[in-house]
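There are 2 protein chains.
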Amino acid sequence: MFKKIVIFGVGLIGGSVSLALKKLPHPPHITGVGRSDHSLQEALGLGLIDTAETNIANALTDADLVLIAAPVAQTPAILRTIQPHLSANTIITDAGSTKSDVMSYAKAELGSQFNQFVGGHPIAGAEKSGPSAAMADLYIGKNVILTPDAATDADAVKRVAALWQACGAVVSNMSPQAHDRVFAAVSHLPHLLAFALVEDLAKRDNAELLFKFAASGFRDFTRIAGSHPEMWRDIALANKQALLEELNTYQQAVSEMTVLLENNDDAGLFALFEHASRARNEWAKSKTNKT
Amino acid sequence: MFKKIVIFGVGLIGGSVSLALKKLPHPPHITGVGRSDHSLQEALGLGLIDTAETNIANALTDADLVLIAAPVAQTPAILRTIQPHLSANTIITDAGSTKSDVMSYAKAELGSQFNQFVGGHPIAGAEKSGPSAAMADLYIGKNVILTPDAATDADAVKRVAALWQACGAVVSNMSPQAHDRVFAAVSHLPHLLAFALVEDLAKRDNAELLFKFAASGFRDFTRIAGSHPEMWRDIALANKQALLEELNTYQQAVSEMTVLLENNDDAGLFALFEHASRARNEWAKSKTNKT
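In order, the protein sequence lines correspond to chains A and B. Using full-length UniProt numbering, the first residue of the first sequence is number 1, and each one after it goes up by one. Using full-length UniProt numbering, the first residue of the second sequence is number 1, and each one after it goes up by one.
These aren't lab readings, by the way, just hints derived from the structure by calculation. Don't take each hint at face value.
One-sided and incomplete, this derived list gives chain B residues near chain A with beta-carbon spacing under 8 Å [unchecked claim]: (1) F114; (2) A276; (3) A279.
We put the beta carbon where it would ideally sit given N, CA and C, even for glycine.
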């Protein structure tokens, strides 16, 4: 395991890694680096980090792992900042929700040390963010995807996998491109659709009346529309191509459903709803106690 | 309060009314009528009804309230069946999710007794259905909307309101048309969008991989896609015009969001997500402990 870990961005994601590792018999020393002194002091106060550091050279001294858990748009700048201070033994990983862009950033910024970078994506989250949202059990039973390149050091991949397994996660490997296509479909698309629905209603003259009678179905459908706007702007732009394809495919699916309704096609609507409902309930059964 | 209530369709909605009323000091006698003998026997076994009846004349003898809580497509047939047996003192109400259609059915089938019919819609539900899903506290704090016509007997409206209040609900009145427009937006549209998303993914060649990595955001967004297909086919067709308008408006909203993404309009995407996220979180705060 690692002896000194430097976390950039001690919020829900980074802070939860820290809390999980602190339960190990020999926890690593954890240094937090962040944009906001307020967040760092909060993370220190909550015991998420052992040291708060603003000097990058000091932070990276003897670090054997750097975890970048800041909003993904900051990743290139962070990589650029740390590159001059990286030893040959420091592994770098991230927790960003998009991976093709991050792998390109790492290749561009880390140069000959690109082989020390392991792209990662923990499939865990909550609508809350910030240090106070961190939980030691956030990753238990959750999927973490690593996206190594042909150049990536195999030992580095194994050690990052071991880190996440120590947090209770189940680790899979995938290419960055395959990762981004999968998450455009199952995560990024639903987020954008939920934002669009809430905005569609919120900007109407009768929004107050509509929201008064919105109930549990609306609540669950729109929960992810309460997510962090900056993070989702960054994800949408970072995974633009795959997401545009998904938006296009989805709008076609909605148009086909709309035609069934226009034609009073009761058998067609029933078949669509019945198939979707069966697929959704089978999925939920397969995931019981897993998500 | 009522002395004898006849419930058509003793599932989640009708069964939960029954369980709530059974907590009153002087609960009414409750007779269940249903399509399926199996459901009726199950309802009897669970104590949801006092009597199971297949003979409509017997069921309606001395009934002072008939509650139609069957799938909404059955409402005209039920009204036709009960009409010959209605006394001048029997109030008829329903629990359907659409109201313009139900009010028209009632006008057509009940003739001179249309004034005894009070359209109603309890805003409560769950993805489970059937007698075993019934809960005594389902309606506590929930909205129930009544949609009286100019012809509707005012005392009947008051008595149906009192019934729902006895179940713990908050009762509002609205025109059938206004009701259907509101629920097309806040309920029927999200249901259709969730069905469409699950179906869009479920029919792909890599559905298994996609579902493996779908997590909590997908789970909540698609919970309502696990809903009863027959019920949602009926709702969609019954509220066709309002729903087609909503689908059209939503597709425009998604297209506008897509243009922001195509143009890399980071400020535009941020503004949309930020506004939606604020509206959604304020809504959730206003609803705490209410939904």
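| query | Which numbered conditions among the earlier hints are violated in the structure presented, ordered from lowest to highest? | reply | 1
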